[in-house]
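Line by line, the protein sequences are chains A and B.
Note that this note's numbering has the first sequence beginning at 1, numbered continuously upward.
Note that this note's numbering has the second sequence beginning at 1, numbered continuously upward.
In short, the hints are calculated from the structure, not lab data.
There's no promise every hint is true.
A pair counts as met if it fits within one copy or between any two copies, since identical chains are not told apart.
What the hints assert, rightly or not - Okay, derived cross-link-like pairs now, DSBU-like style, lysine-lysine, Cα gap no bigger than 35 angstroms in a straight line:
#1 198 <-> 8
#2 210 <-> 8
#3 8 <-> 167
#4 12 <-> 210
#5 12 <-> 167
#6 210 <-> 242
#7 201 <-> 12
#8 269 <-> 246
#9 167 <-> 258
#10 316 <-> 210
#11 198 <-> 269
#12 255 <-> 8
#13 167 <-> 255
Just so you know, these numbers come straight off a predicted model, no measurement behind them.
Number of protein chains: 2
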Amino acid sequence: MSRAARLKQFGKPAESLVLEDFPLPSPGPEEVLLDMVAAPVNPADLNVIEGTYGDLPELPATIGNEGVGRIVAVGLGVTGCSPGQLVLPMTFGTWCSQMLVPARHLIPLPDGLDTNQAAMLTVNPATAWRMLQDFVHLAPGDWIVQNAANSGVGRSVIQIARALGWKTLNVVRRPELVGELTDAGGTIVVTEEYDLRKELKTLCGGARPKLALNAVGGPSALNIANALAPGGTMVTFGAMSKQPLKIPNGLLIFKGLKFGGFWLNRWRKTADRTTLTETYAALARLLREGNLFTPLHVIHPLTQVVEAVGAAGREKRAGKVLLDLSR
Amino acid sequence: MSRAARLKQFGKPAESLVLEDFPLPSPGPEEVLLDMVAAPVNPADLNVIEGTYGDLPELPATIGNEGVGRIVAVGLGVTGCSPGQLVLPMTFGTWCSQMLVPARHLIPLPDGLDTNQAAMLTVNPATAWRMLQDFVHLAPGDWIVQNAANSGVGRSVIQIARALGWKTLNVVRRPELVGELTDAGGTIVVTEEYDLRKELKTLCGGARPKLALNAVGGPSALNIANALAPGGTMVTFGAMSKQPLKIPNGLLIFKGLKFGGFWLNRWRKTADRTTLTETYAALARLLREGNLFTPLHVIHPLTQVVEAVGAAGREKRAGKVLLDLSR
């Protein structure tokens, strides 16, 4: 029997999210049955529930875009994974106690990982990892500039960059985060008030970032674009300000900047198996070495999914809201 | 003795452009002496004279960013080119009757080219060629969308695309250009009023361009970006509207569009010799085959450089203004 958090209609969680119990069949050929362990409540989940996300499921649907599970049983023809193993399902609908997943959509994890941390590996750390790998070649000592540095992805960027020998110039909205993100490993942390083009010499000693990561849009995006070295690249993966990117033509023509975007859902659907496996192997290694860590705010059992969604929607949290899917 | 059009100060051509005669020494080692044949007056030249261009020379300076010459004499150590040969100097200051150029900055041309047409090969056709080669891979039958399709670069894009089997969706401001550009080889020509996203199915039969070429900025740029296929690229190389590019975040994140820029001056300074040679060899071939042709409005002798600049500044011309540098 699986228990799942099902969305009946888009709207307020208390009215639209319900728990349903239903039996699961034994895994068919090439299928795997998982006992789900844990899953976070991400901002994208809140947007799916509200019906404002860019890519909405047909309803009713089980919610959840990442999580970690343990293999209970494997169907005929499944090779390379076995009962007891911890895995990341690359499918949606993770907020449930058990799920059936095609074996080709499972990423096996090494033993000995913190399962709560592993539950949060699929989305934010992978977004950070791919954006740091896919757009420019970064050499040791190179700088990256990012806004919304306090976001889940932003913190992953800081941690991955530090582990790989890259430097980060981090922009945050709230001044009280400057000290906190510096402690978390940000090379330089400043608030949005800094005109980066003017202050760059003081901040980075003349070095200019090759890569800008933009989760805000509007003036904040332009500020970090202005900090880029000629020929540099800005990758947009979020739009917290809900304002479009306004690019002066000279940045494109004379400075040769490049602007691209990243969306993890597209990457998950289109990446080949080798890239997926290598990405999560690299992230699992960073996790095990203590170089990647996502702070937790609170853990709710799956039975309290509505409370968990409410907690995740509140502005000031110390970290992620996690669902314990075994309860 | 060389006669050159020299800019004394930025401002109105009649007050700032003067003709000066001065003796040239014999070519030194690795140097080549050219009899200049012809050079066009380009919009960028007008902006240099006004002092509004992105990359201004130190004054006084000889004006002209392209042209064609014939080798008169070569210095010691010069190989691969000889007196009588037609060449493109990859240096600035082409509005003169004779010039000394380092041999490494000369691109030899094949015999038998129309010299007036060859004089206009360096800037617009090369801009079109590189933008069509350097950003996306175009297969036969693929579509390109561009605004300012009536510009020098726009007409080169139409001609090159037709010769290579690509289709062009061309946007112009003035309705009277629709027929003219269709005759010139544009697959589809429409005015700025068309909402390309809505009309694309009718216009291109469901096909979506992989590449957008933007010389305007502002709403026109967004219109052609909206026509792109998911993952497509827009290259900005001009900003006639003087309005910045305003990119909705969804085009970057969800549609995966890429935005870059192209500036011929940077390419000329940074491209390796093989790329330069291959680019102009390809363009000379298209010219000789009759696939590339730039219409002429009027030819002025160098002695009438102020009149030539005036003519180039007027809105409605039938084609380019050319300087005959032998007179």
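Hint check results:
When the C-alpha separation of residue 198 and residue 8 is checked against a cutoff of 35 angstroms, the pair qualifies only between copies, where the shortest distance is 33 angstroms, while the shortest distance within a copy is 51 angstroms. For the homomeric pair residue 210 and residue 8, neither the shortest alpha-carbon distance inside one copy (45 angstroms) nor that between copies (39 angstroms) is at most 35 angstroms. In this assembly of identical chains, the alpha carbons of residue 8 and residue 167 never lie at most 35 angstroms apart, being 45 angstroms within a copy and 47 angstroms across copies at closest. For the homomeric pair residue 12 and residue 210, neither the shortest alpha-carbon distance inside one copy (42 angstroms) nor that between copies (40 angstroms) is at most 35 angstroms.
Proximity of residue 12 to residue 167 under the C-alpha cut-off of 35 angstroms is found in neither arrangement, the shortest distances being 41 angstroms within a copy and 49 angstroms between copies. Both within a single protomer and between protomers do residue 210 and residue 242 lie at most 35 angstroms apart by alpha-carbon distance, with minima of 25 angstroms and 27 angstroms respectively. Taking the closest pair of Cα atoms, residue 201 and residue 12 never come within 35 angstroms of each other, the shortest separation being 48 angstroms inside a single copy and 38 angstroms across copies. In this assembly of identical chains, residue 269 and residue 246 lie within 35 angstroms of each other by CA distance both inside one copy and across copies; the values are 30 angstroms within and 28 angstroms between.
When the C-alpha separation of residue 167 and residue 258 is checked against a cutoff of 35 angstroms, the pair qualifies both within a copy, at 20 angstroms, and between copies, at 25 angstroms. Within a single copy, residue 316 and residue 210 get their C-alpha atoms as close as 32 angstroms, which meets the 35 angstroms cut-off; across copies the closest is 43 angstroms, which misses it. In this homomeric assembly, residue 198 and residue 269 come within 35 angstroms of each other (Cα to Cα) only across copies, at 27 angstroms, whereas the closest approach inside a single copy is 41 angstroms. Within a single copy, residue 255 and residue 8 get their C-alpha atoms only as close as 50 angstroms, which misses the 35 angstroms cut-off; across copies the closest is 28 angstroms, which meets it.
For the homomeric pair residue 167 and residue 255, the shortest alpha-carbon distances inside one copy (22 angstroms) and between copies (30 angstroms) are both at most 35 angstroms.
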